[in-house]
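Engineer: Required output: the full structure, derived from the provided sequences and hints.
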Amino acid sequence: MKTTMTSVAGESVDIHVVERPEDLGAFFDWIEQKSVLGADTETTGLDIFSDDFRVRTVQFGNATTGWVLPVEKGWEFTKAACEVLTSGRHFIFHNAMYDLQVIDRCFSIPLEETFGKVVDTRILAHLIDPRGQEEGGIGHSLEALTRALIDPAVADEVKVLVKLLAKEMKTTQSQVWSVVDIDNPDYLLYAGMDPILAYRLREKLEPLVPASARGLVAYEHRLAEVCAVMERNGFLVDTTYSRKLSNRLRREEDAAGDRLFETFGVESPNSTEQVADALEELGVKVRGRTPTGRRKVDKKLLDDLSELDAPEGELARLVIEAKRTRKWRTTWVDGFLAGMDTNNRVHPSINPLRARTARMSITGIPAQTLPSSDWMIRRCFIPDPGESLVSVDYKAQELRVLAALSGDTVMRRAFQHDADLHQITADAAGVDRKVGKMANFLQVYGGGPAKLAEGAGISFPDAKRVIDAFRSTYPGVAQFARAAEEEARQLGYVTTPTGRVLPVDESRIYASTNYLVQSTSRDVTCAGLLRLYDDGFGPYLRLPIHDEVLASVPADQAERGAKMIREALRMDFRGVDIDTDAEILGDSWGAGYVPDSEREAYETTFIPF
DNA sequence: CAGGTTAGCACC
DNA sequence: AAACGGTGCTAACCTG
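Going by the numbering used here, the first sequence opens with residue 1, and the numbers climb by one from there.
Hints are computed from structural coordinates only; laboratory data are not their basis. It cannot be assumed that every hint is accurate.
[Stated by the list, open to error] DSS-like, lysine-lysine: derived pairs with alpha carbons at most 30 Å apart:
1) Lys451 x Lys323
2) Lys563 x Lys300
3) Lys437 x Lys395
4) Lys285 x Lys395
5) Lys300 x Lys323
6) Lys434 x Lys395
7) Lys285 x Lys300
Structural biologist: Here you go:
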């Protein structure tokens, strides 16, 4: 056993590195009386579900002592770690979803059995201040929190250490943990420090959780478990379809790229500079400028040009095509194929507590940004054998939440009768439904007349009239917005009905309403997810997408399953029915978009790969 | 050349 | 008076 003495916040701490099975006795002696432990794992990377993913060390500790168990060195160490993890003790992790997923995957200790015994310091940090460092918050990483609350010198040391190790081993910082030697003393020191920091952070963070948000602590931990289950479930990929689609997109991209180069000399369609040069050579004046003063070549300019029956129209059409096919292939299809485990499943990475408003984010399967107007990409995902995909989404979730929050009589009544709110706004302003819809959403987003004019293609004064009409149609909303902004001005934050504290920047007081609506909507969806989980739907859940939940349910019970999901998600909020719609998609995520006949016709046009 | 920034674009 | 909220990903470009 190797012991290193160092100091944290002026206090001396010991880090013990277990080296041989005989050393475990001392570890168990130390741990015997401890019922709460800081804990952490070091792994070969972040790709938990890949074949060669391994745990390297498991660490436990308290405020002054850290232990490193080198589980990759032998089964005795793994056994010891598992014994502790299943012992009934409580643990403090930073970002527990990751470690508990690792423990589930590598040690076969189900995360359902560990989550209930865990405090996650990242959850506490987000409840205290949801802002990242770049937004003026303290941030949520172990490093940032250590710097702000424990000991800046320790935070710096760790940062410098990773850089040094990467340099020493001639690798990237993200690769360090997969290649560093298990006996590297710096690595082990770093590893042993983490449970100490997690333990100390909990003591610092718990008192800082706002009183209104204390009830959210347990809720967010339960939600993290549900999301971890969805990550573990993964989503089955139709590899035959996906490979064909990838090849097809590549051919289309190449064709457009070749013509762009031959005819217009554009090598990289994604290079704004190159495209701007080529356009100006054809006599097109590129007037728009980006914030940094460069020529702006965006979708709007290209779309407008693509209408022209002229060389610049051809150029624009080719650039649009080349960009789209490349994006679709690299960002989506090839990403899915590369991310699959050996069972053809892609495991999304879900952060249930991400944005300032606590909105979730999903990576791995960037489910929140898949093209929605086209079924082609979603078609890559299929239900498990014998199952059927079901999608349930909230009907106008944010507007219903706005109606509930504001209590506006007209809006509430509209939703009571399932009336068409966009049409009501449109009628009040004497404009098309499309403009009414835009005005409704702009209200939720905090937009003004300039944006409405731009988006709806109407004049500025007309846009102002529409917004005035909105205000007089829904006086309760205007009053609610004023109160929220006043609260934000006075306190620097607003508080949601769930008790979540949302800081509002002084320069963006107008965002208060949006924060409240967005955050409350998030909690409506998440509370629904918890009900679904408690109803036993865990294994069927695939993805949460803001106001939508995707599930794969037994095909012969799809109707019933869809109805159960729909009812579990639906809720009454202050007398407003936050209602849901269920759709049985069938044999792929793309299946709801287009009739089978059309799909088959399209799929047969694929070139064999 | 790794890592950060900018621009553009996909979504709710 | 007016103020568009929140994400993630890629390619190109910039920097130390």
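Engineer: If a hint holds in the structure, say so; if it does not, say that too.
Structural biologist: These are the hints, each one checked on the structure:
{"no.": "1", "hint": "Lys451 x Lys323", "result": "27 Å, holds"}
{"no.": "2", "hint": "Lys563 x Lys300", "result": "41 Å, violated"}
{"no.": "3", "hint": "Lys437 x Lys395", "result": "14 Å, holds"}
{"no.": "4", "hint": "Lys285 x Lys395", "result": "44 Å, violated"}
{"no.": "5", "hint": "Lys300 x Lys323", "result": "14 Å, holds"}
{"no.": "6", "hint": "Lys434 x Lys395", "result": "17 Å, holds"}
{"no.": "7", "hint": "Lys285 x Lys300", "result": "14 Å, holds"}
Against the hints set out earlier in the document, violations occur for numbers 2 and 4.
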